[in-house]
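*Asks:* Assemble the whole structure, with the sequences as input and the hints as a guide.
Chains as they are written, first to last, in numbering that gives the first Met the number 0: chain A, 0 to 185; chain B, 0 to 138.
Fair warning: there could be bad hints in the mix.
BS3-like mimics (lysine-lysine), calculated; alpha carbons at most 27 Å apart, straight line [said to hold, decoys possible]:
#	chain 1	residue 1	chain 2	residue 2
1	A	Lys58	A	Lys92
2	B	Lys69	A	Lys29
3	A	Lys58	B	Lys81
4	A	Lys29	B	Lys63
5	B	Lys63	A	Lys58
6	A	Lys29	B	Lys58
Computed spacing ranges between beta-carbons, pair by pair [unchecked claim]:
#	chain 1	residue 1	chain 2	residue 2	range
7	A	Ser51	B	Leu52	45 to 53 Å
8	B	Leu136	A	Asp112	36 to 44 Å
9	A	Phe175	B	Phe55	46 to 54 Å
10	B	Lys58	A	Gly84	39 to 47 Å
Please keep in mind that the hints were generated in silico from the structure rather than gathered at the bench. Built from N, CA and C at the ideal position, the CB exists for glycine as well.
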Amino acid sequence: MIDFLSQEWPWYISGPLIAIVLLLLLWTGKTFGMSSNLRTLCSALGAGRQHSFFDFDWKNQRWNLLVILGATVGGFLAAQYLTDGAPMSLNPKTIAQLQAFGIEDAGTAFLPDALFGMEHWTDPKILGMLVFGGFFVGFGTRYAGGCTSGHAITGLSNLQRGSLIAVIGFFIGGLFVNHFILPFLL
Amino acid sequence: MIRTIVFFGIGIFFGITLFKSEAASWFRIYEMFQFQSFHMYGIIGSALLFGMLFTFLLKRLNAKSLLDGKPLVIPDKDKSWKRYLYGGTLFGIGWALTGACPGPLFVLLGAGFIPVLVVIAAALIGTYAYGALRSKLPH
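*Replies:* See below:
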């Protein structure tokens with residue numbers, strides 16, 4: 000069983016499992032949206048004293064903090080106990096492309112050591128990339144009112160036009176950076 | 000207590016799924032934006048297909064909350080388009096750079112990638128900046 004679960008999970012298993020997370024959260028009277036946690040955390044850290052956007056009773060959102068706490072533990076369990084060390088089935092073209100950029104662990108590691116390795120993340124260029132990227136993950140998701148879970152899955156599942164526009168935006172920004180910025184950064 | 004276990008449990012299930020599906024991997028996001036694999040499109044697409052079915056059924060059957068029996072409210076998004084296009088595009092920039100959206104950030108932290116804390120801290124600052132500038136931005 001553990002061996003079975005330790006393989007790479009195919010998309011046709013993972014996608015429906017994510018939909019079950021959506022179902023469970025809707026059915027318990029909540030919503031499936033992970034970026035809301037960033038707002039809740041800002042509020043819990045006291046940002047409500049400066050800006051009304053964070054001035055709400057964040058304890059009502061405790062359930063969502065429990066979900067990301069659980070997701071953190073889930074990440075630990077999966078990395079610790081459900082990993083068989085087999086290479087990731089990336090497209091060989093992707094691997095070759097990334098290796099040409101000097102990312103040599105493409106296909107063998109879960110995250111590129113050149114970006115997230117303990118010896119590399121403090122490099123000013125890499126640090127800038129992580130900080131700048133992280134800032135826009137937080138800023139953009141709140142501006143758009145959701146991220147992949149809130150728009151691409153929950154919003155589109157509920158046939159929301161705004162979510163479709165948001166997902167188009169995800170790809171405008173993502174494709175631009177991936178094709179025109181990353182080749183210079185990596 | 001029951002609630003704590005339920006939501007914590009849903010989170011664990013979600014975290015394991017994001018890790019094992021590799022949706023939390025920077026490599027998979029890079030590959031997705033290069034259109035070099037169906038993997039990420041398959042995950043999001045099949046989640047969406049089943050999500051539509053589940054959402055439709057919950058609404059159609061007037062399902063009540065499993066926890067307190069109250070009617071379910073599935074909120075609609077605003078009717079505008081600016082916030083979605085502008086906000087979505089900015090998030091896309093961050094997604095392609097860091098290879099992570101808000102859920103996977105926490106999964107990666109749990110998986111032991113400590114430098115992800117930098118991304119989480121920056122995302123909190125970004126969220127705060129939005130809260131501070133909100134009234135000046137087009138929605």
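*Asks:* Each hint: holds or not?
*Replies:* Consistency of the hints with the structure:
1. A/Lys58 with A/Lys92: 47 Å, violated
2. B/Lys69 with A/Lys29: Distance of about 11 Å is within 27 Å: holds.
3. A/Lys58 with B/Lys81: 31 Å, violated
4. A/Lys29 with B/Lys63: This hinted pair holds, its Cα atoms lying about 12 Å apart.
5. B/Lys63 with A/Lys58: 23 Å, holds
6. A/Lys29 with B/Lys58: At roughly 14 Å apart (the allowed maximum being 27 Å), B/Lys58 and A/Lys29 satisfy the hint.
7. A/Ser51 with B/Leu52: 45 to 53 Å: 38 Å, violated
8. B/Leu136 with A/Asp112: 36 to 44 Å: Hint holds: Cβ distance 37 Å, inside 36 to 44 Å.
9. A/Phe175 with B/Phe55: 46 to 54 Å: Since the Cβ atoms of A/Phe175 and B/Phe55 sit about 34 Å apart, the hinted range of 46 to 54 Å is violated.
10. B/Lys58 with A/Gly84: 39 to 47 Å: 44 Å, holds
Checked against the numbered hints above, the structure breaks hints 1, 3, 7, 9 and satisfies the rest.
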